[in-house]
Every structure is written in C-alpha cells, then in structure tokens.
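Number of protein chains: 2
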Amino acid sequence: MQIGIVGLGLIGGSLGLKWRSQGHQIVGISRRADTCTRALQLGVADIATTALTALKSADVIVLATPLSAIVPTVEQLVPILHPETCLTDVGSAKAAIVSAIEALWPNFVGGHPMAGKAESGIEVAEANLFAGCPYVLTPTVSTPQEATACISELSQSLGSKLYTCSPAEHDRAVAWISHLPVMVSASLIRACLQEADPKVLELAQQLASSGFRDTSRVGGGSPELGVMMARHNRAAVLESLAQYRQQL
Amino acid sequence: MQIGIVGLGLIGGSLGLKWRSQGHQIVGISRRADTCTRALQLGVADIATTALTALKSADVIVLATPLSAIVPTVEQLVPILHPETCLTDVGSAKAAIVSAIEALWPNFVGGHPMAGKAESGIEVAEANLFAGCPYVLTPTVSTPQEATACISELSQSLGSKLYTCSPAEHDRAVAWISHLPVMVSASLIRACLQEADPKVLELAQQLASSGFRDTSRVGGGSPELGVMMARHNRAAVLESLAQYRQQL
Chain Y
1 MQIGIVGLGL
11 IGGSLGLKWR
21 SQGHQIVGIS
31 RRADTCTRAL
41 QLGVADIATT
51 ALTALKSADV
61 IVLATPLSAI
71 VPTVEQLVPI
81 LHPETCLTDV
91 GSAKAAIVSA
101 IEALWPNFVG
111 GHPMAGKAES
121 GIEVAEANLF
131 AGCPYVLTPT
141 VSTPQEATAC
151 ISELSQSLGS
161 KLYTCSPAEH
171 DRAVAWISHL
181 PVMVSASLIR
191 ACLQEADPKV
201 LELAQQLASS
211 GFRDTSRVGG
221 GSPELGVMMA
231 RHNRAAVLES
241 LAQYRQQL
Chain G
1 MQIGIVGLGL
11 IGGSLGLKWR
21 SQGHQIVGIS
31 RRADTCTRAL
41 QLGVADIATT
51 ALTALKSADV
61 IVLATPLSAI
71 VPTVEQLVPI
81 LHPETCLTDV
91 GSAKAAIVSA
101 IEALWPNFVG
111 GHPMAGKAES
121 GIEVAEANLF
131 AGCPYVLTPT
141 VSTPQEATAC
151 ISELSQSLGS
161 KLYTCSPAEH
171 DRAVAWISHL
181 PVMVSASLIR
191 ACLQEADPKV
201 LELAQQLASS
211 GFRDTSRVGG
221 GSPELGVMMA
231 RHNRAAVLES
241 LAQYRQQL
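Protein chains in written order, with the working numbering: chain Y, 1 to 248; chain G, 1 to 248.
Hint data in this document are derived by calculation from the structure and do not stem from the laboratory.
Hints are supplied without guarantee of correctness; some may be wrong.
[To be verified] Okay, the calculated beta carbon distance ranges per label pair: (1) Ala-235(G) with Ala-103(Y): 50 to 58 Å; (2) Ser-21(G) with Leu-238(Y): 54 to 62 Å; (3) Thr-164(Y) with Arg-245(G): 33 to 41 Å; (4) Asp-59(G) with Asp-197(Y): 33 to 41 Å.
[Said to hold, decoys possible] DSS-like, lysine-lysine: derived pairs with alpha carbons at most 27 Å apart: (5) Lys-199(Y) with Lys-161(G); (6) Lys-117(G) with Lys-161(G); (7) Lys-161(Y) with Lys-117(Y); (8) Lys-199(G) with Lys-161(Y).
These numbers were taken from a predicted model, which means no experiment stands behind them.
The beta carbon of each residue, even a glycine, is placed where N, CA and C say it ideally should be.
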C-alpha cells in the first residue's frame with residue numbers, strides 16, 4: 001500500500017518507520033526540506049518532499065501535523081487527490097476537525113493514537129512507539145465502512161489497542177484524562193511560582209517531593225499544546241473544568 | 001544515648017532501626033501491645049511497651065504519632081519527664097504544633113523528615129528510609145541551642161539533608177509542594193468520576209494516560225491524611241488554594 005504521511009514529527013516519523021518495516025511504501029511530506037532529508041536518512045520514508053502533489057496516487061494519507069494545520073492541509077489536498085484516497089488524522093481533539101474534514105473529503109475517518117514522549121521531532125521517532133497504547137478511531141454515520149476497516153487494520157498493525165467511539169465521546173474522555181490534568185498541573189506550577197517570599201519559594205523548590213513532581217509534570221510541557229487543547233476541545237474542556245472547580 | 005520513640009509506624013519504626021544500628025538504646029512506645037511485640041521482633045527497639053512511663057529517663061523523645069495525637073502525647077509526658085529530656089516531633093505541619101508544645105515543654109525542637117512510602121506501618125519500616133531525603137527542623141527564638149544541635153546531629157546521622165527554617169516558612173513551603181498537590185489531585189479524581197455518561201467514563205478509564213495517572217496519583221491516598229493536612233496547616237493551605245484557583 002502507498003501511505004502518505006503529512007508532518008514528520010514524533011508521531012508521523014514513528015508511523016513511517018513501523019509501516020515501512022511492514023513493506024508499505026511511505027511518501028513523507030514536511031514543510032522543511034531538511035526534515036525530508038532526515039526522514040530518508042532515518043528510514044522513515046521511501047520518498048520525502050515538501051510538495052503535497054507527491055501524494056496524488058496515495059492509497060491512504062495520514063495527517064500528522066499540529067492540530068491547527070490539519071484542516072488547511074486537507075483544503076490543499078482536495079484538488080490533488082483521487083476520490084478513493086482514504087484520509088485519517090492523528091489530532092488529539094476530534095469533533096471540530098472531523099466535521100470540517102468530512103465536509104471537504106467524505107472518505108475520511110478521524111483517529112487519535114495516544115502515544116507520546118517528553119521529546120518531540122523526527123529524531124526521537126521509533127517504530128514501536130504505539131505498541132500497547134490506545135488508538136482511538138472516531139467514525140461517524142457518514143464514514144464509509146471501508147475507510148474505517150482500512151484505518152482499523154493499519155492502526156492495529158502498530159501493535160496498538162483499538163477503541164472506537166464518536167468524536168464527541170472522544171473529546172469528553174480526553175478532556176478528563178488529558179486536557180484537564182494539563183491545566184490543573186500547569187496552574188499548580190504557576191500558582192507556586194507566585195509565592196511572594198523568596199525564602200519560602202527556595203525552600204519549596206528544595207523540598208519538592210515526588211508528589212509535587214508527579215502532579216506538576218504534565219503541566220510543565222509546551223504552552224502551545226495547552227492552548228491548542230483549549231481551542232480545539234473547548235466545549236468539553238470547559239465542562240470538565242467547571243466540574244473540577246466545584247470539586248476543589 | 002537513650003532515645004524514646006512514641007508511635008511505631010513507618011516513620012517511628014524506621015528511626016528506631018537506624019538509630020539502634022548506630023548503638024543508641026531505643027525505647028519504643030505504641031498504643032497496641034502487638035505492635036510492641038513486632039517492634040522487638042523486627043529490631044526496631046530494645047524495649048517496647050504501651051506505657052509512656054518507660055520514657056522517664058530518655059535523653060531524647062521523638063513524637064512519631066499521627067498529627068492529632070502529638071500534643072495530647074506531650075501533655076501526658078510532661079509530669080513523667082525530667083527537664084533535660086529533649087523532645088522533637090515528625091509532624092508534617094509545624095506552626096500550630098510547635099507553639100502548643102513550646103508552651104508545655106520548652107526543651108523542644110520541631111522536625112519533619114520528608115520521607116515516605118505508599119504503604120504504612122511498622123512492617124514496611126527500613127533503616128535507610130531517610131537517606132538522601134530532606135529533614136526540616138523548625139527552631140524558634142525560644143528553642144534552646146543545645147536542643148537544636150542534638151536533633152540536628154541525630155537527623156543527619158540518618159543520611160538525610162538538613163534544612164532549617166521557621167515553622168511558618170515550613171508550612172507555606174509544604175502547602176505548595178505537598179498539601180496543595182494532594183487537593184488538586186483528589187479533586188481531579190472526584191470531578192472525573194462525576195462524568196454523567198457511562199460510556200465516556202469507561203472510555204476515560206481505558207484511555208487514562210500516564211499524564212492522568214501522575215496527576216491523580218497523590219490524590220488517591222488516604223482521605224484522613226488530606227483532612228489532617230487541611231486542619232493542621234489551615235492558613236497556608238487556604239492561601240495557596242486561593243492563589244491556585246486564581247491561576248486556574
């Protein structure tokens with residue numbers, strides 16, 4: 001099968017490594033020419049280029065860009081592709097993206113492989129990143145059954161555990177377990193850094209126990225990721241945040 | 001040196017094992033006769049009894065009971081001890097306890113060894129529990145210098161890192177790094193369990209990532225511990241909670 005991957009970071013790079021090892025032909029697309037060079041060196045792709053037109057005969061295309069670039073990428077792909085091409089994405093928020101893409105390209109099934117690392121980028125990609133991790137697919141009533149079957153098979157070939165639910169159910173579940181913890185944790189770090197007494201702040205940093213390190217870990221990551229989560233999963237995050245504040 | 005330890009749980013038991021291995025004579029006190037028997041079997045103490053009167057010739061006494069039992073224990077000890085006996089405690093909140101004990105027994109220095117385990121009780125005590133962990137002492141203007149010197153030396157002999165600050169500074173620092181994370185984390189668990197849609201709740205539990213597990217870990221412990229923290233470190237916890245809510 002010829003599989004196109006748009007976005008050659010940790011997720012896109014790892015997908016390329018694994019599927020290429022299974023004999024699929026991988027066409028990798030990156031905005032940056034030097035990432036394309038690295039993709040070829042690392043064995044992530046058979047062909048790597050900055051031109052989306054290289055995807056015109058792909059059987060499957062995985063959108064593995066940052067969340068905000070997914071729908072604009074599909075808009076650019078629409079005039080290029082033949083209608084049999086099956087699209088999927090790896091975005092961590094689904095409802096808004098799925099409805100936008102379905103309107104542009106019906107042969108699409110939303111996806112979310114729930115694997116990651118502290119580091120990002122193609123340099124840390126690895127073929128077994130998804131082994132044992134959840135891979136959520138979010139087909140809707142209008143998703144072609146063949147598209148769901150095709151992406152199910154590809155995702156399971158990664159060694160991941162397949163879950164299927166609606167885009168809205170996905171977004172509420174990840175609001176609880178992923179987006180809300182990031183906000184809770186980031187707020188903890190920021191509140192602590194506002195301590196007015198420098199001696200207390202220094203002492204807190206010296207004494208910081210494993211309890212603090214664990215609770216604050218996920219909040220210490222990229223601020224952009226938090227903003228993206230809040231923007232693309234706004235309704236579900238706001239609802240879970242309201243219930244959280246009440247508990248607190 | 002003869003060292004009395006009141007409360008033979010994880011902390012009291014571990015102190016006994018370590019100091020006894022250094023040649024000190026350990027008198028262990030527990031409310032429960034079977035814990036005294038185990039203390040002797042495990043090598044935690046040379047003498048172990050339920051009677052506080054066994055402490056009448058102790059050089060140093062460590063109060064290692066739960067927070068709420070520390071001051072009542074000192075009240076019972078006052079008529080028994082000779083004035084040279086140096087008292088210390090291991091409570092995780094200091095200001096209220098230190099001022100209450102100083103009024104009863106001037107020869108006292110507050111302490112807080114910041115070591116622990118998921119399990120509690122004498123069965124999991126170990127001599128090296130404190131190695132590399134912070135041990136905070138909170139002397140005040142009225143603490144005798146010899147008392148501070150004596151407890152400093154004993155705590156450093158555990159291999160721990162000694163920090164000294166005021167009781168109020170201690171309480172603000174631990175509110176940030178220990179008490180607040182427990183509340184933040186417990187609220188996250190409770191808010192999530194209130195999800196009304198059983199399918200979303202089930203999905204959330206299946207997908208729960210390391211981010212959620214880390215952020216919710218410290219909140220999953222004993223509810224009594226959280227209540228004790230909130231009661232004994234009320235002012236500092238409320239202040240940090242207010243700043244946290246504002247950040248959120």
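Against the structure, the hints:
1. In this structure the supplied range 50 to 58 Å holds for Ala-235(G) paired with Ala-103(Y), their Cβ-Cβ distance being about 56 Å.
2. For the hinted restraint 54 to 62 Å between Ser-21(G) and Leu-238(Y), the CB-CB distance of approximately 56 Å keeps it satisfied.
3. Against the hinted window of 33 to 41 Å, the Cβ-Cβ separation of Thr-164(Y) and Arg-245(G) comes to about 37 Å, which satisfies the hint.
4. The hinted window of 33 to 41 Å between Asp-59(G) and Asp-197(Y) holds, with their beta carbons roughly 36 Å apart.
5. Between Lys-199(Y) and Lys-161(G) the CA atoms are separated by roughly 17 Å; this keeps the pair inside 27 Å, and the hint holds.
6. Between Lys-117(G) and Lys-161(G) the alpha-carbon distance is near 18 Å, which keeps this suggested pair within the 27 Å criterion.
7. Restraint check for Lys-161(Y) and Lys-117(Y): satisfied, since their Cα atoms lie roughly 18 Å apart, inside the 27 Å limit.
8. For the hint pairing Lys-199(G) with Lys-161(Y), the CA-to-CA distance comes to about 17 Å; that is within 27 Å, so the pair holds.
Every hint, counting from the list given before, is met by this structure.
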